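Trainee: Residue numbers (this note's numbering), protein chains in the order written: chain A, 3 to 356; chain B, 3 to 356; chain C, 3 to 356; chain D, 3 to 356.
For the record, the hints were derived by calculation from the structure and aren't laboratory data.
In this text the structure is predicted, and so the values were computed from the model without any measurement.
Hints may be right or wrong, so weigh each one.
Identical copies carry no separate label here, and so any pair may be met within one copy or between two of them.
Said to hold, decoys possible - Derived pair list, reagent style DSSO-like, types lysine-lysine, alpha-carbon separation capped at 27 Å:
no.	residue 1	residue 2
1	K166	K355
2	K258	K166
3	K198	K315
4	K200	K151
5	K191	K273
6	K151	K355
7	K201	K166
8	K191	K77
9	K198	K77
10	K101	K166
11	K101	K197
12	K355	K311
4 protein chains.
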Amino acid sequence: MAGNTFGTLFKLSTFGESHGVAIGGVLDGCPAGIELNLEAIQEDLDRRKPGQSAIVTQRKEPDTVEFYSGIFEGKTTGTPIGFAIHNTNQKSHDYSHIKDSYRPSHADYVYDQKYGFRDYRGGGRSSARETASRVVAGAIAKQFLGDMKINAYVSQVGELSLNKSYQELDFSLIESNPVRCPDTATAAKMEEYIKKIKKEGDTVGGVITCVIQNVPVGLGEPVFDKLHAELGKAMLSINAVKGFEYGSGFEGVKMKGSAHNDQFNTDGSTKTNHSGGIQGGISNGMDIYFNIAFKPVATVIQAYDTIDKEGNKVSTQGKGRHDPCVVPRAVPIVEAMAALVMADYTLLNRTIKL
Amino acid sequence: MAGNTFGTLFKLSTFGESHGVAIGGVLDGCPAGIELNLEAIQEDLDRRKPGQSAIVTQRKEPDTVEFYSGIFEGKTTGTPIGFAIHNTNQKSHDYSHIKDSYRPSHADYVYDQKYGFRDYRGGGRSSARETASRVVAGAIAKQFLGDMKINAYVSQVGELSLNKSYQELDFSLIESNPVRCPDTATAAKMEEYIKKIKKEGDTVGGVITCVIQNVPVGLGEPVFDKLHAELGKAMLSINAVKGFEYGSGFEGVKMKGSAHNDQFNTDGSTKTNHSGGIQGGISNGMDIYFNIAFKPVATVIQAYDTIDKEGNKVSTQGKGRHDPCVVPRAVPIVEAMAALVMADYTLLNRTIKL
Amino acid sequence: MAGNTFGTLFKLSTFGESHGVAIGGVLDGCPAGIELNLEAIQEDLDRRKPGQSAIVTQRKEPDTVEFYSGIFEGKTTGTPIGFAIHNTNQKSHDYSHIKDSYRPSHADYVYDQKYGFRDYRGGGRSSARETASRVVAGAIAKQFLGDMKINAYVSQVGELSLNKSYQELDFSLIESNPVRCPDTATAAKMEEYIKKIKKEGDTVGGVITCVIQNVPVGLGEPVFDKLHAELGKAMLSINAVKGFEYGSGFEGVKMKGSAHNDQFNTDGSTKTNHSGGIQGGISNGMDIYFNIAFKPVATVIQAYDTIDKEGNKVSTQGKGRHDPCVVPRAVPIVEAMAALVMADYTLLNRTIKL
Amino acid sequence: MAGNTFGTLFKLSTFGESHGVAIGGVLDGCPAGIELNLEAIQEDLDRRKPGQSAIVTQRKEPDTVEFYSGIFEGKTTGTPIGFAIHNTNQKSHDYSHIKDSYRPSHADYVYDQKYGFRDYRGGGRSSARETASRVVAGAIAKQFLGDMKINAYVSQVGELSLNKSYQELDFSLIESNPVRCPDTATAAKMEEYIKKIKKEGDTVGGVITCVIQNVPVGLGEPVFDKLHAELGKAMLSINAVKGFEYGSGFEGVKMKGSAHNDQFNTDGSTKTNHSGGIQGGISNGMDIYFNIAFKPVATVIQAYDTIDKEGNKVSTQGKGRHDPCVVPRAVPIVEAMAALVMADYTLLNRTIKL
């Protein structure tokens, strides 16, 4: 499994299991001379961390990042940035009940099949805990991107959908509520609903929308490494993601070309933006926006039947402190992956012209 | 732009513009000893080629592939397979009207911005003509995959949706109609609709569903190179694709975890398959299925306004022989990209255990 | 075998066997806007091609390259450059005697072992014929490199060594003799010696020295992708190469640090250049120079004993038209690989600073 | 600078500067199920560490490795192995004298030029301290390689050369003396010489020979990723290395093909081994052996002239605790890099046949 590296020039390699000593990574290729705001990095980690509100898992993990290299006198040096987050609150006993059986719709079964055995103390490498390393690297990428602004927010929870385009929203409200939905009224409904689901010991899915603004023209490496293809892969690599669409997306298939085409203004911008800021895999300078579908997390706090390694039926009971809905905590992860892609493609684009 | 290579071990690099001398590629890493059925390769090319029916572009391109290396006495040798398809019918004059202006929602503008100038004879590298090279490589990948079966079909055209799950369909009917929809009644409606759109000189989008069967357990390289993440990137790299969802996809977000979880049978298979055959980025042995959204192609045979390189407004008229709806011809392209991913991940999976 | 791609951003993938239909490649990542001198490319091919003088193989191969893509109106477009050289004079029967036995110190045996079977019509993929594709790509790289000048020459044939530093030589004399040694007197001795070896039906090794001038400071990607490490790999990937040394090389180990250290001039240049133009894997602006050792080619036109596939002893006779000494024809190959590395590292270096 | 990753499937990414918080790395792609002997890993680290004898630097660094992930119940899990070695004895003040000037033949100048500034507390990323991370990963690779045996030893120090082939040596004597030369008499002379050099405050170069035994047939990925090309790159990436030769190397160029060719035995082995165990870039089952040239380290404890950032001449005095000769401590580094290459190519070779 050498699938733990992301990016070509701005390159992140991560390590770590949910119940190991530490998680972390190596960010290689980050250009030299970036003044790093370490507080901003910790802030993004805090937006992802457990226990931040009543609608997320109540696990307590400080998630404090230690930097080991690549930073000198507050600036990046161009050498790899090594970092780690130690696991302080492993509570293995919470997981002992799953040692010998496979949780439905978890990765337990496939890891056992693929590797021959697994770290049975929780999700191991398949746990979303790994994404904390992505948030660290993404927060650094954001600081490299300068004017480019990346905002993600929750646009759907279960059946509750925010029926507004991103242009109608005030991104400054995203952090004003625990759901991270910038529409206060909808956010309240979503919060209510998540609490209800939690009481039931159940979970529910959601959708996150991400918007990237102030994008220069020309980012993207056709034909295989189109900008939206890499963004799609980045988002689909996040735990529990089931779908990705950008611009007009799945709704766009119903339109006619004459209506879907984005007419030019004389400055090269377009009157509409069904394209989602990308043409032929290359950014055209308009806003990039996309939606990401998250399934309901598999861990339900209910009794369920499953099988053990020998294929015997076993009845068991979901335990532990889990998220009833993953999207509020996934917002900074989406932003981080978007930032990593945009940073990598910014560097790739420097190599194109004589 | 070094974005023209796909895959890590089963690796395709393509070249070629719509109006160049030839398109083609190098397929490296194809294992030695595969008995190649060259007819099957040409058949897939013929399924993609123009002029095959009344509802696709009437351009005439034989699309005959020549193999230059990597095959000896009917078998792959383990050395790179070089191949080319010569462009026989370039009709550049069809495109002369676009030399100095940018077609809305085409890649003309971004290519000029990114590279400083472009091959203005049509789409150049951004033309879907490039995908013929993918079909050649994908057809070889299919022959490596043995029992694994990959079937793609058209499940939506504009508003016309095939409201059946793939289990209700007979894949042997896919090639029975020009739309490549395995439900005869729906196919007829779709064909009618596409003809109407064509008369209007307009275009419409569609959805292709792809199903991969007889998949071994264990394919996928978490955390970044999850199987569905790579499938998503592969599909999003196809011209005109705007979205990808697998398993329960965007609909699944509305479900509760207790209902969404796939309960195990004692043999490790699952009673339901909301997961879409993939858990934690690794195949679990169930069928893999996903949907791909295609936008309406941008070339409409109507008058439209646009701008030239200097940013002056120009009025022009769409010309040429184009597809009113891209999905019927995109079916073999989707299958090819799926085959390339499955072949690459099959090889990667050989390296995992002691 | 996915080992047929070289480079990260300026990326060459090659295909082709000595007795297949054609050899060629895809050069991806070549920046847009380079005015290509196609004659210069063919000239480098002609320097490598058989039959050019009395001391090289008398095979007749025109080695005419056809370009398929990536060039428009005489300039690179930034899209992949596909090219092929058709094999016109295969003379398979010359090789029929080796179908069932393994030539000593050839790759016949290992290819059979690795891939299960092989194209027995000559060297197949292991033939130096493949290097013609490298020369095409390298000739393009040279045109991207502008002021950077790459000169290779023969500095040793068998025991005959050119005991002059490159500073004492006139590179304009390299092409003045068939050996490609810029010292006329030594060249004459070498030519004589190669003719004698040829009469004996034997072969001999040699050394090529390569010098890269006008190198900007800063090329190189420590710690693993140091500039000299990549140059070394590039040279070692050429057929028959057994060794690589740069700067003071193997002789330098005898020196003391106080004598080996290169003292600075006030402009950052150094008074001596034992470093060979590279410090810590990064170019320092001084000339880069290195030596490459080539073994005597294995094909001798003499009787020899060997084994067949079943391990039976067989006596046979070397046939065909082969090079008594490979270095004269290898000079343009060395230059080509050096140019590919310098072009790739020039692009990589653009991504380093904010 | 994304040049800090080595390997395709068995992939090491390292981080860390000589005076940062810690050095370490991520080893990705290590197959699951390997019983790890952690003591053996620490033993290799101890062979590399400072202060181990009178002829190496007297710096005190315990070099204790901490593993963060990828190991469970004593076995590798197939997930990335994250590890770190904290820097305990930084002694920055030893280096304060170099803050504003460039040490001749060090990387100070090129790092400043390439990145715009540098961590001036010693070598930073260009320090050989980084190689401790390679030794950790290489020690794990050795445990994956099973029967394959890798032995490196010092074969030359300055003018003192060990004039014996590796077959004449007893590898069990390598660790019997501080020089790591398996010939006791020669080792004693070398030790004496290194002590003399040290007294002079000077340094001297050396050669390390490495032998790989019990190699399976078939490792190597032509045409660019030939086994010896990757071994060469691996060795050239080690600090202070100036040359690499394998098999007959530079001496072999003087031989005639008829004498250089390795005649077959009926079992496929060869009577001689001028090839060095590799044909056409693929292992042939015979021993692989190669030599690596190390220059005299640049840090001399003498007065010297140099320049500062503004290009002014400055006179200064070499200080600190440095190695008079680098080869004794470089032996485990050479073994580690060889092990990483052999592990990666073992995995790559699993993907070749149907």
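Trainee: Hint by hint, note whether the structure agrees.
Mentor: Status of the hints after comparison with the structure:
1. In this assembly of identical chains, the alpha carbons of K166 and K355 never lie at most 27 Å apart, being 40 Å within a copy and 40 Å across copies at closest.
2. In this assembly of identical chains, K258 and K166 lie within 27 Å of each other by CA distance both inside one copy and across copies; the values are 23 Å within and 24 Å between.
3. For a Cα distance limit of 27 Å, the shortest separation of K198 from K315 qualifies neither inside one copy, at 31 Å, nor across copies, at 56 Å.
4. Taking the shortest Cα distances, K200 and K151 never come within 27 Å of each other, neither inside one copy (33 Å) nor across copies (41 Å).
5. Taking identical chains as interchangeable, the C-alpha atoms of K191 and K273 are never at most 27 Å apart, the minima being 34 Å within one chain and 33 Å between chains.
6. Taking the shortest alpha-carbon separations for K151 and K355, both the intra-copy value of 25 Å and the inter-copy value of 21 Å come in at or below 27 Å.
7. In this assembly of identical chains, the alpha carbons of K201 and K166 never lie at most 27 Å apart, being 29 Å within a copy and 35 Å across copies at closest.
8. Taking the closest pair of Cα atoms, K191 and K77 never come within 27 Å of each other, the shortest separation being 43 Å inside a single copy and 48 Å across copies.
9. Taking the shortest Cα distances, K198 and K77 never come within 27 Å of each other, neither inside one copy (46 Å) nor across copies (43 Å).
10. Within a single copy, K101 and K166 get their C-alpha atoms no closer than 45 Å, and across copies no closer than 39 Å, so neither meets the 27 Å cut-off.
11. For a Cα distance limit of 27 Å, the shortest separation of K101 from K197 qualifies neither inside one copy, at 29 Å, nor across copies, at 58 Å.
12. Taking the shortest alpha-carbon separations for K355 and K311, only the inter-copy value of 18 Å comes in at or below 27 Å, while the best intra-copy value is 56 Å.
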